[in-house]
Amino acid sequence: MTPEYAPLAERRGVDVDTFRSDIMAAGNPVILRDLVGDWGLVRAGQDGPNALADSLKSAAIGGLVNVMRGAPDIEGRFFYDGSMRGFNYQSGQMEFGAFIDKVLNIETGESLYMGSNPLPNIMPDMIIKCPMPLVPNGVPPRIWIGTNSVVSTHYDTDFNVACVVSGTRTFTLFPPTQIANLYPGPIEHNMAGPQVSLPNPEKPDLKKFPKFETAMKQGRQAVLEPGDAIYIPPLWWHHVRAKGQLNVLMNYWWSPVPQYSRQPLEALVLSLLAVRQLPEAERAAWKNLFDYFIFQTEGDPMEHLPDDISGVLGPHSPQRAQQIWEFFKGMMR
Numbered sequence: 022m023t024p025e026y027a028p029l030a031e032r033r034g035v036d037v038d039t040f041r042s043d044i045m046a047a048g049n050p051v052i053l054r055d056l057v058g059d060w061g062l063v064r065a066g067q068d069g070p071n072a073l074a075d076s077l078k079s080a081a082i083g084g085l086v087n088v089m090r091g092a093p094d095i096e097g098r099f100f101y102d103g104s105m106r107g108f109n110y111q112s113g114q115m116e117f118g119a120f121i122d123k124v125l126n127i128e129t130g131e132s133l134y135m136g137s138n139p140l141p142n143i144m145p146d147m148i149i150k151c152p153m154p155l156v157p158n159g160v161p162p163r164i165w166i167g168t169n170s171v172v173s174t175h176y177d178t179d180f181n182v183a184c185v186v187s188g189t190r191t192f193t194l195f196p197p198t199q200i201a202n203l204y205p206g207p208i209e210h211n212m213a214g215p216q217v218s219l220p221n222p223e224k225p226d227l228k229k230f231p232k233f234e235t236a237m238k239q240g241r242q243a244v245l246e247p248g249d250a251i252y253i254p255p256l257w258w259h260h261v262r263a264k265g266q267l268n269v270l271m272n273y274w275w276s277p278v279p280q281y282s283r284q285p286l287e288a289l290v291l292s293l294l295a296v297r298q299l300p301e302a303e304r305a306a307w308k309n310l311f312d313y314f315i316f317q318t319e320g321d322p323m324e325h326l327p328d329d330i331s332g333v334l335g336p337h338s339p340q341r342a343q344q345i346w347e348f349f350k351g352m353m354r
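Numbering of the sequence shown is given in the numbering used here, commencing with residue 22 and proceeding in unit increments.
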């Protein structure tokens, strides 16, 4: 079966104020049509893959990049092998210019892919030629280049604006509420860092993954052309199919969490050790504490105490973060 997904919302002419107060505040992914249509790389791509390749190579400072290469039988979908103990592709390194040439001359059916390379490491001078006012200052872009390929359904923990430079990208997204229907794979054993969903949204096996049918009803999909961008909030699952002889995407990840804070995923992993194995009744009791102190379902949990005696439970600040960290390290002795 070939699923049909509802269309994703679209906007044009979005400025930074509208983006932050309207789109980000709503917490939903949105297609930003023609957001980067004036980028020089986008215009170079309109002249064909060879012109774009020349622009990329002339801006590059050289060096090796990590690449993945798949045989024709994987149909561009970089994923686990049949045992899920390995992967269905080979990994290695190539000189950037040689990689671009290989993409242009790839054997029929093979897939070659370079993902998530920081642009400053490859083409530092290109950053000023690819302005992105919607994201905070200093957020470095990352570049993704390849043949026809598929990035398996996964989530990111940061905010994301992804911009199509050349080729097309079909994004299929599912909200965080659908995690139980997406059959997530291992956290620590995956293709590129993020946890992935096991069903293939393009060809789902509903006998093997019957709950995925529910996720499909909540899925959203859109095709992005060169110059288009997409905003993806944290923890939204997304599957990406790239088409084109030389397809290129640039994305920006950022988090408003202060540098002195820890990542939520760290707390989740620690909870696997500290909370998940408890008896059901005890887990339920701890859930009340998490709801009250962490998710603040009843409002400010410490409003009845003066700040100077609330300790680690007080309002967030660099000093409080250090206090929490020291308290935690003391608990671990």
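Treat the hints with care, since some could be wrong.
[Said to hold, decoys possible] Simulated crosslink set (DSSO-like; lysine-lysine; CA at most 27 Å straight-line): (1) LYS78 / LYS150; (2) LYS308 / LYS264; (3) LYS350 / LYS308; (4) LYS264 / LYS78; (5) LYS238 / LYS264; (6) LYS123 / LYS150; (7) LYS224 / LYS238; (8) LYS264 / LYS224; (9) LYS228 / LYS238; (10) LYS308 / LYS232; (11) LYS123 / LYS264; (12) LYS264 / LYS150.
[Claimed, not checked] Taking CB as the label site, the calculated pair distances span: (13) GLN111 / VAL244: 18 to 24 Å; (14) GLN317 / LEU227: 36 to 42 Å; (15) GLU303 / ILE148: 48 to 54 Å.
The hints are simulated quantities; they were obtained by calculation from the structure and are not laboratory data. Each residue gets a CB set at the ideal place from its N, CA and C atoms; glycine is no exception.
Now the hints, each set against the structure:
For the hint linking LYS78 to LYS150, the alpha-carbon distance of about 15 Å falls within 27 Å, and the restraint holds. Between LYS308 and LYS264 the CA atoms are separated by roughly 45 Å; this puts the pair beyond 27 Å, and the hint is violated. A hinted pair counts as satisfied when its Cα atoms are at most 27 Å apart, and LYS350 with LYS308 qualifies at roughly 23 Å. With a C-alpha separation of about 21 Å, the suggested pairing of LYS264 with LYS78 holds against the 27 Å cut-off.
The suggested pairing of LYS238 with LYS264 holds, with an alpha-carbon distance near 25 Å, which does not exceed 27 Å. In summary, the hint linking LYS123 to LYS150 is supported, as the alpha carbons are separated by about 25 Å, within the 27 Å threshold. For the given pair, LYS224 sits about 15 Å from LYS238 by alpha-carbon distance, which is consistent with the 27 Å threshold. Of the pairs offered as hints, the one joining LYS264 and LYS224 holds, with about 17 Å between alpha carbons and a cut-off of 27 Å not exceeded.
Taking the CA atoms of LYS228 and LYS238, the gap is about 17 Å. The hint holds against a cut of 27 Å. Annotation: proposed proximity of LYS308 to LYS232 holds, straight-line Cα distance about 26 Å (limit 27 Å). This hinted pair checks out: LYS123 and LYS264 have alpha carbons roughly 16 Å apart, not beyond 27 Å. For the given pair, LYS264 sits about 24 Å from LYS150 by alpha-carbon distance, which is consistent with the 27 Å threshold.
For GLN111 and VAL244, the Cβ-Cβ distance of about 29 Å falls outside the hinted range of 18 to 24 Å, so the restraint is violated. Between GLN317 and LEU227 the C-beta distance comes to about 39 Å, which sits within the given range of 36 to 42 Å. At roughly 51 Å, the beta carbons of GLU303 and ILE148 sit within the given window of 48 to 54 Å.
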